[in-house]
Every structure is written in C-alpha cells, then in structure tokens.
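Asks: Here are the chains, one letter per residue:
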Amino acid sequence: MSETEPVLVMRGIGKRFPGVVALDGVDLRLFPGEVHALMGENGAGKSTLIKVLTGAYHHDQGDITLGGEQVAFAGPHQAQQAGISTVYQEINLCPNLSVAENVLIGRSPTRFGRIRWSAMRRRAEDLLARLHLSIDVGSDLGTHSIAVQQMVAIARALDVDAKVLVLDEPTSSLDASEVDQLFRVMRGLKDEGIAILFVTHFLDQVYEIADRMTVLRNGRLVGEFRTAELSQLDLVAAMIGKELAALEDIEEAPRREVAALERGTPIVSAETLGRTGAIAPFSLAIHKGEVVGLAGLLGSGRTEIARLLFGADRADQGRLRVDGAPVAFRGPQSAMRHRIAYCPENRRTDGLVEDLTVRENIILAMQAARGWARPVPRGRQDELVARYVKALDIRPADPELPVRNLSGGNQQKVLLARWLITEPKLMILDEPTRGIDVGAKAEIQRLVVELSDGGMAVLFISAELEEVLRLSHKVAVLRDRRLVAELENTDGLDTDRVMAAIASGGAA
Amino acid sequence: MMDLDTKVAPAPVTARVRRFVPRQKYLPVTATAVLISLMYGIGVVNYTGFSDTQIVLNIFIDNAFLLVVAVGMTFVILTGGIDLSVGAVVALTTMVVALLLENGWPPAVVLPVALLMGSTIGLGMGLMIHYFDVQPFIATLAGMFLARGLCYVISTDSIPIDDPFWVRVSNAQLWFGGWFISISVLVALAVVLIAAYVLAYTTFGRDVYAVGGDPQSARLMGLRVGRTRVAVYTISGLCSGLGGVLLSFYMSSGYGLHASGMELDAIAAVVIGGTLLTGGSGYVLGTVLGVLVLGLIQTIITFQGNLSSWWTKIFIGLFLFVFIVLQRVVTRRRR
Amino acid sequence: MTTVVRHRLFWPLAMLVSLLVGNLFFTPDFFAVEVRDGHFYGALFDILRQGAPLLLVALGMTLVIATGGIDLSVGAVVAISGALACQQISGLGDQGAVGGVLFAVALALLLCAGLGLWNGFLVGVVGIQPIIATLILMIAGRGVAQLITDGQIINVNSPPYKAIATGFLLAVPVPIIIAAALVAIVAVVTRRTAFGMLLESVGGNAGASRLAGIRSRRLIIIAYVACAVCAGVAGLMVSSTVSSADGNNAGLLIELDAILAVVIGGTSLLGGRFSIAGTVIGAILIKTLDTTVYTIGIPPEVTLLFKAVVVVILCLVQAPAFRARFTRRQPAEVARA
Ligand SMILES: Nc1ncnc2c1ncn2[C@@H]1O[C@H](COP(=O)(O)OP(=O)(O)O)[C@@H](O)[C@H]1O
Ligand SMILES: [Mg+2]
Chain A
1 MSETEPVLVM RGIGKRFPGV VALDGVDLRL FPGEVHALMG ENGAGKSTLI
51 KVLTGAYHHD QGDITLGGEQ VAFAGPHQAQ QAGISTVYQE INLCPNLSVA
101 ENVLIGRSPT RFGRIRWSAM RRRAEDLLAR LHLSIDVGSD LGTHSIAVQQ
151 MVAIARALDV DAKVLVLDEP TSSLDASEVD QLFRVMRGLK DEGIAILFVT
201 HFLDQVYEIA DRMTVLRNGR LVGEFRTAEL SQLDLVAAMI GKELAALEDI
251 EEAPRREVAA LERGTPIVSA ETLGRTGAIA PFSLAIHKGE VVGLAGLLGS
301 GRTEIARLLF GADRADQGRL RVDGAPVAFR GPQSAMRHRI AYCPENRRTD
351 GLVEDLTVRE NIILAMQAAR GWARPVPRGR QDELVARYVK ALDIRPADPE
401 LPVRNLSGGN QQKVLLARWL ITEPKLMILD EPTRGIDVGA KAEIQRLVVE
451 LSDGGMAVLF ISAELEEVLR LSHKVAVLRD RRLVAELENT DGLDTDRVMA
501 AIASGGAA
Chain B
1 MMDLDTKVAP APVTARVRRF VPRQKYLPVT ATAVLISLMY GIGVVNYTGF
51 SDTQIVLNIF IDNAFLLVVA VGMTFVILTG GIDLSVGAVV ALTTMVVALL
101 LENGWPPAVV LPVALLMGST IGLGMGLMIH YFDVQPFIAT LAGMFLARGL
151 CYVISTDSIP IDDPFWVRVS NAQLWFGGWF ISISVLVALA VVLIAAYVLA
201 YTTFGRDVYA VGGDPQSARL MGLRVGRTRV AVYTISGLCS GLGGVLLSFY
251 MSSGYGLHAS GMELDAIAAV VIGGTLLTGG SGYVLGTVLG VLVLGLIQTI
301 ITFQGNLSSW WTKIFIGLFL FVFIVLQRVV TRRRR
Chain C
1 MTTVVRHRLF WPLAMLVSLL VGNLFFTPDF FAVEVRDGHF YGALFDILRQ
51 GAPLLLVALG MTLVIATGGI DLSVGAVVAI SGALACQQIS GLGDQGAVGG
101 VLFAVALALL LCAGLGLWNG FLVGVVGIQP IIATLILMIA GRGVAQLITD
151 GQIINVNSPP YKAIATGFLL AVPVPIIIAA ALVAIVAVVT RRTAFGMLLE
201 SVGGNAGASR LAGIRSRRLI IIAYVACAVC AGVAGLMVSS TVSSADGNNA
251 GLLIELDAIL AVVIGGTSLL GGRFSIAGTV IGAILIKTLD TTVYTIGIPP
301 EVTLLFKAVV VVILCLVQAP AFRARFTRRQ PAEVARA
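Chains as they are written, first to last, in UniProt numbering: chain A, 1 to 508; chain B, 1 to 335; chain C, 1 to 337.
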C-alpha cells in the first residue's frame, strides 16, 4: 500500500454527552504501517473518539471511512468484523471467564459447532507468549492482577487479523520491561502494514514508538504532527494550550515550600499498615498542611492505601494513628469521625449517586454522619450548597439538577464539595483530575494548593507524574502493591527520578 | 527510603503474575453436593426403606417437568436475568395440549405447537427486555399474567386428556434391573445433557456466561449481547413448553391452576444449585442437584408421615434457609 | 405540554383517568357519591376501600424497592397477621371487647415487625440476595399462618375487629382512613427526615453510599420492618373484611400486584428514586382495573389478561428506547447494552 492512502479517516466528528461536548469537529487520519499517537490531557476526548470509531458510541456529527469506504458501525461487533481491533482504556474483559476465553471469545476455534478447548488454550498461550507472559490460561481472569489483565486485553486485540489496531492507554499498569515487550510486538505489526492508534500519558513512550500524532484539547483538534518535528515542550504546550496560563501560578511557584512546613505530630500516620492481597505493610505519615503524592502505575496499590486510610477496607496488619492516638476504623464512618475524607477514583461507581441531585450529593456525607433522624435543615443545606457551588464554580449552578447531567469536571467538584463541607483534616483525592476537562483540572489543582495552605493535609493520587510533582511536598512511590520509596519533593526531583524509582522498585 | 517490615516474605520476581484468589468456581456446586449427601444419609439412617434406589428415581419421576423448567431458568439466571413466567407457561401448555387433543388434533402436531408456543412467549419477553429495556422481573411478570389469563380464557375448569398416545406415554414404565423410570425422566435427562453441552462447548453457551459476567464488557468485546439475551428467554420459554408437555403426561389433564408457584421452585432449585442470581457463574449440574434437594425434602417429609401440610411448608423454608446460609458460609471468601 | 407528558407520573395517571372515564361509559353513575345513614358510598369509595390492603402492601414495598431490594414474603405476612389476630380474638371470652381486640391487633403487628426484622437481617446483615432471602419467608410463612390457625379457617364474631374493614369514621370508610394515615406517616418520615434521601442513596449506589459514610444496614432493616408492618395492617383489613382468617389464601399473590403498583408508579426495581404518590396511583390503578373488568362485564377470568396488556403498554410507553423511537431522537446510549 502506498504511504499516501490512509486506511482510516475520521472527519468532523462531534459527540456530546449530557452537560458536556466531548468531541467537536475532530479529524483523524491513520496510514498503514504507522504508529499514530493520540495525545491530549485527561478528558480531552481520546477515549470517546476511539469509542465512536468502534461504534460503542454513536456520534452526532462527522463521518468515518475505512479503506476508502464510508462506514457506520452499529456496535463493536461490526467494527471487529471490519478489521478494527481495540483495547479499551478500562479493561473490558469478563472476570468470571478463563484467561483463554477472554483472549479468544467471539472467535473460539470450533469443529462442528463444538469449541475445541485444547486448541483454544494452546492459541491463547501462544498469543500471551508473544508478550512474554506465561500463566495458566485455564484460570479465571478475575484472579489475576491488573497488569496481567491488561496484557490479556492486549493479547486479545493482537489475535485479530486486523487492519487497524487501537490501543487506549495499554501501558497504564505495565512496567518498563513489559512495555518494551509490547513495543517490540507493535513494531512487528507495523512492519506487516497494520495501522496502530496508540494512546498513553507517558510522553517518553510516545517519542519512542510513534511516527505521527494527533493532539486533542477539550474535545477539539489541535493538529496533526510528525513526532520528529515536534519537541516535547511543544507537545505539552499543544496539549495544555491557552489554559497554560491557568496552570502557570502553580507551575511558577517553585516547588511547594517543603522547608516552610512544620512537621509536628502527623495528622495521620500508618505504621506497617497492610492488608493481605491488597497492599504490603507500609508506613506513611501525613502532616498538617502537607500534600503527599502517591505515584505508581495503575494497580500498584495506590487506591488500596487510600481505602485503608479511610477505613473502606480493614487492615489486617499494623497500626494507624490519628493525631498520635491509635485508632481502629470499623468502616468509613469511623474515619469520618476523625475528619478524614475520601474522593474515590471512580466517580460514577464509587463516588456519586447519579440519581440524586447536586444538592443531595453534596449534603450526603454530612447527613450520613448525623444519621437519618436529624436532617440538615433545608435552609442550611441551601446555604452550604450555594456557597460551594459558587466557590468551586459548579456549572450549571442549579442544585436541583440530577448529578448525572453534569460534565465530568463538575461532577468531580460536587464530590469535592461533599467532603469540603465536612471540614476534614485529611482529604484523600484519588485521581481527582481523571476524565475531566483541562479548565476544571487547573481549578482542582489550585484548590489543592489553597486547601493545604489553609492547613488541610492532602493525600494526592494521580497517574500524571507532572501533576503529582507540581502539588506535593512529598512523593510516595508504589510498585506491585508495596510502598517502595518516599521522596522529598526538593529541587532535584523530577519525573525521570520518580519513574526510575518505580522501575527499580525503590533501589534508585 | 522506606524501611519496610520484612515479616511478609518479599514478593517473588513473578509477583505480577501471581493469583490473588484461588480458583473456587466449583465450590458452590460442591457444597450443594455435600449437603445433599448429608440429607440423603439422614434419610437413610432415620427411615426404613429410604435407601431403596427407587426412592431417588421417584424424585426424578415426580420432578421431571420441574427439572426441564429449571434448566431453562438456569440459562436466564446465568445472564443475570429472571423469568417469572415459567409456571404460567407450563400451565398454559397443559391447557393448550388438552384442548387441542380434545378437538382431535394428532399428537404429532400438538407437540410442536406446544413447544412453539412456549418459545414464542419467551421470545416476546426477550425482545421486550432487550429492545425496550423493560426490567426482566416486570416483563416476565407480564408474561406470567398473560399466560395464566389465556389459561382461564380457554377454560376455568380442568380438561382431562384421554388421547391414547398421551395415556400410553404417561403410563409407560421403563424397567431396568428392579427399578423403573418414566419417559419424562429420559426427556428431562436429555435436556440436561444438551444444556450442559451447550453451555460448556458452544460459542453461544460461553456468550451466556460472558453476558452474565459483565454485559458492558461483553459488548465491547464484540459479542452480540442482544441476541444472547433474547435467546435465553426464548430457551426458557421452550423449556417451559416442554415442561408443560411433561406435566400433561404426569397429570393427564390441562388446568390453569397447574404449576402454580413453579417459577419459585425453579428459581430456588437454580440458586440452591449454586448459580448466582447476579449472573455469570453456575452450572446445569448444580440445577439438577437443586431439584434433587427440593425433591429430597418432599420425600423426607413424606417418610416422616405425621407432618401436616403446613409443617411441610415450614420445613421447606427452613431447609432453604439452611442451604443458602451454609452456602454463603462455605463460599464466604469468594469476592 | 411536553413537560407534562415527560412527568414520570403522566402515563400512569392518564391510564387511571381513562379507565375511570371508561367506567363512566358503562356505568353512568360511576362517579356518584351517595350519603346513606351519614356514610359515604359509591363506586369510587369502593375502589379505595377494596384497594386499601394492596395500597398498604405497595407502600411498604416501595421502601424496600427503593433500597434495591424486593420483598416476596408480604403475601405470607398478610396471612400470618390475620391468622394471629383472629386466633387471639377467637380465644377471647367476649369477642366484642375493644381492649382484647386491640391487644390482638398489637400482637399481630408485633409479630409482623419481627418477621420484617428477619428479612432485613438476612438481606442487610447476612447479605443474601433479597429475592431469595424473602422467598424463604414466603414459603415458610404460609405454613406458619396455617400453624397458627391449626389448618382451619378461623371465624370470629367481633364487631370492633369487623370495624377495621367495614366501619366508618366521620362518614369515611375506616380502611381509607387507615391507608391515608399510613401513607401520610410514611411520606412525612421519608421526606421530612433524611430517611428517604439516604434510602435512595443506598438503593441508587450502595458502594458509593458506604464510602459516603452511610450505615446502610440499619436503613435496610428499617425498610423491611416497615414493609412487613404495612403488610400486617393489610392482613388485618383482609381478614376483618370476611371476619375470618384463611392461612392458605389470604393475600395470595398480593406481592406481585404490589410490586407492579410500585413499578407502575415510576419506582425502578433497580432501586434509588422512589415515589410514594406514584405507588398510590399504581395501586389504585390496579384496583380500578379489577373493578373495570367487573363493571364492563368481561368475565373475571380475563382480568389477568387485561392486566398483562396494561402492564405491557405502560412499560413500553415509559421505556426510553420506545420513546426515542417514536420521537425520532437518537436512541439513548444506555438503552442498548
Ligand atoms: N459516558 C459518558 N457520559 C458522560 N460524559 C462522558 C462519558 N464519557 C466521557 N465523558 C466526558 O467526555 C469528556 C472526554 O472524556 P474521555 O474521552 O474519557 O477523555 P480522555 O480519554 O481523553 O481522557 C470528559 O469531559 C468526560 O467527562
Ligand atoms: Mg481516556
């Protein structure tokens, strides 16, 4: 095939969700035999574009041509039939089925309608071997770690005889050697003439593997670039764009003033706290006004630490102290009594009650603490909600709207407001900027700085290392469900050093 | 740098490949099997004549239709749905069979008509559930009302069946050694085997598990979720139709009050057999064991002899309770 | 106009009104209210009076469904409540003694509360799926009711007890007053305290509710207890109507009608948002349906068929996918899995 004929063209794609325009006039071209990076900050619309491509979402505007013919897939099944193989961002597999089936279901080898289980296992083993993974393919997928599940999802996509391979953040939980292995396979496929669309938030990986890239910002196309012609700095500028100004005051403030922090008795301190199967025993102290960042890959134990500190899971080893006194949390209520708050990673499933209104969602934690018999007086509710809707600039500013109709960023603010009205001493923020637009992201970062300046302790979890470094006084590094290093955020610390700490398991 | 407590052995190099939970998917079925043996043992020890193999065969004879219906229900529950219409469809089938035979239709026509009718009702409910997003509980409740309503439209009385073929089949005893079973048992066992095969060895069967495990993922994996969901309700309807035919052999009559509450027996059998109501996990073999449990309870109560009918109900409830709680305890560590 | 049509109670209400108007067509004096001996009579009052037990069961069921649960045992509880009350009253020296009857009623309701506690314990504490947990009591409960009555139908001759179903207070039939009072109590408790919101939160998203610090266990238990007590009151009405207790048939299949009433009233079986007004409309709608079949002269056997048709129509017009198809909008993203 010639270089000049794109195999896939998406033109003028538009997609809205309730309360948010996720995509607006986005173009994308994919050529055979190239690795094309789709870049953009969290919430730029990358995953949405991919789901539109595969028919998982129906777009409102624009058209898609594959191999010169216009297509409109009714669902992922048709996209697969047409030769588009996809690994979605959230691992979309069935945990109740075996590894082998997850790799092959939908195209299991059969003879006279009978599934040939042995052939199936063998083929799954071969596919996993290409990724240097050797596990019992007869075991249930749900019993494996996130990293393995991610590899299985990739293996599944590799099996298809595809023209286009789409990988949405496939490396979020993989370590350096696993990424290398994946890249080796990707290069092989590329040489076979397959077009690969690749999403990652690790910039180094983009420069290692991608030939060209398309940059999105807030659902709009910024441009299409050759990797060789765009410096990392320009790329970041393109991704952040004009809102750069919004981040500037945080950027400019030279590192959080570690020295200025008075570290007296920690507000919360964990001493060899652990939970079998979730997180190895760890020790961590968080002080008044301190922002502690948690860095590590997806599935490295970040959320597990947060849940232990909040009493959402019970520790089976070690001790937890609040203000120096030992405590034993029997559930989130106990943690809340000690004024600890937790904004979970997955807003939709763990955070918000989407049926309820903005007001009800904001008032929920405060009301839960009071019990059902003592309702927060309506006047006070309205006053509190109005204050925080204004302070956090929640839009639309109608407290009686069901929260499901808000955009991701505003939903996140509602969640923050829920905990802020309880006036916590420690706020645990698990991926608070994931899947929200750039403007809201800057606002939330600024809020974290303000809160810690006001004396609140913050545990800040994010996959974006830049963000962690921007905000934290101290960075705790995780790998494979262990806390492997604790780094003061002084001038010497940069993303490379954190990455090195992750890769080496703390030995660096 | 952190100093980590070293009480826990350092993770091996292959840590990222390790499994966090042991494989336990056979645990619920095994638990049921153990409990059933226990119950059987109690029966054998306490009642003379209980150890006769014919007692077990009688359970199958008396519950062949329930077994068929419960197998259909297993498909539905595996996808995370529920089918409340089965009892009513069974009753409607007995009614239609009796009516058609009374009007002189040949059995060779009546049989397919009965099966077709069951499947059609199931198909209708499946379409409603999938395309119009009606909750399965409500859609199949409507199906239940519809089928029972149709029964009474046909007749409010019982219609006897005296077609020679039907009489012959219902009286047939297949002897082997000193024991016998009915033709219905053979049919039921065939259904069980076919269902087990379909679930374990066909792509459709595996799709059923995938849809029950995570419908959203199944869709993104390119499986045709809609087709699968519609199909399981159709299968359940088909099984209800067949169950109705078997019941018409057993009862030699069609009646709108037949099989009342059978949907609950079927659901109970499936759940006792270790299939999760949330879908994605369970086996047909478990359902067979579930039906056996219900039958064994009945048998024990009959052997006890001096229990009034209300004690029967209380004991069934009690057994159900013990079973479900024990199963929960045994499978506690499952997440 | 469209906002009226979009209101979630529009379709049930429209259906109810058209049924009532349809009745008027067949029975011109359908809406007539007559005052006899200072008491109100009329077809509408009959519907309300006969519908009171269903309304009460559905009222309690609404709370359970709001938590994302379901209670199949209410029919059995209806039977147990009537059985215990009648058994107590039949043992009284003077069946007309108000004190004795009150004691019997209190005892019956207390037992029902205990049964609700049992259901709530199984669901909230042991963690058994609601449908299975309540199935246990659904089956065993009928046995318990017959155990209480010793398998007999107990007849009582007690004017105070009889008054529960057939008496009048200030010219209004007592069951209507009782039902209205309980609806008012539930409405006040759910909407004037935070109970309703927390219940909706637990039913809407149990995981998120836990992480917001809600102790769902207590709420769930309260919901099941309230449901059983409502069913208990309904059971008293049912047995008072005929002055007897039938452990086998009292409240048979009422759980299905109650669930239907709740769903017709716009409360989702998945839990979350609930509407008490909707449940009231749903229950009255179902009762009107029964009455309509009767007044129009359709044979009573066909009632079920009629009900099936109404349910299908109501479900379809309310299904987002169906609406989308007929308003020519993009099919809703969630509509297809
Ligand atoms: N299913 C959905 N419902 C509502 N909003 C969504 C949905 N999926 C994504 N969004 C919104 O669309 C925007 C783009 O999200 P996404 O495509 O996930 O971004 P990215 O993958 O680039 O991080 C975000 O504002 C997000 O909140
Ligand atoms: Mg994404």
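Hints are computed from structural coordinates only; laboratory data are not their basis. C-beta atoms are modelled at their ideal positions from N, C-alpha and C, and glycine is treated no differently. Treat each hint with caution, since some may be false.
Unchecked claim - Some chain A residues flagged as far from chain C (calculated, every beta-carbon gap over 10 Å): (1) R11; (2) E34; (3) G62; (4) Q78; (5) G142; (6) V236; (7) M336; (8) Y342; (9) P344; (10) D355; (11) R374; (12) R418.
As the list claims (entries may be wrong) - Distance windows between CB atoms, simulated: (13) B:D157 to C:L107: 54 to 62 Å; (14) C:G297 to A:E90: 53 to 61 Å; (15) B:A200 to A:E69: 36 to 44 Å; (16) C:L24 to A:V71: 31 to 39 Å; (17) C:G127 to A:D398: 50 to 58 Å; (18) A:G113 to B:W105: 32 to 40 Å.
Asks: All hints, please: hold or fail.
Replies: Hints, one by one, checked against the model:
1. R11: At about 20 Å from chain C, R11 of chain A clears the 10 Å cut-off, so the statement holds.
2. E34: holds (31 Å)
3. G62: holds (14 Å)
4. Q78: holds (13 Å)
5. G142: The assertion about G142 of chain A holds, with a minimum of 17 Å to chain C.
6. V236: The claim holds: V236 of chain A sits with its nearest Cβ about 33 Å from chain C, beyond 10 Å.
7. M336: violated (5 Å)
8. Y342: With a cut-off of 10 Å, Y342 of chain A comes too close to chain C, as the shortest Cβ separation is near 6 Å.
9. P344: Check fails; 6 Å does not lie beyond 10 Å.
10. D355: Non-interface label fails for D355 of chain A: nearest chain C Cβ at 4 Å, not farther than 10 Å.
11. R374: Since the minimum Cβ distance to chain C is about 8 Å, R374 of chain A lies within 10 Å and the statement is violated.
12. R418: violated (7 Å)
13. B:D157 to C:L107: 54 to 62 Å: violated (41 Å)
14. C:G297 to A:E90: 53 to 61 Å: Distance hint for G297 of chain C, E90 of chain A holds at roughly 58 Å.
15. B:A200 to A:E69: 36 to 44 Å: holds (39 Å)
16. C:L24 to A:V71: 31 to 39 Å: violated (57 Å)
17. C:G127 to A:D398: 50 to 58 Å: violated (38 Å)
18. A:G113 to B:W105: 32 to 40 Å: holds (34 Å)
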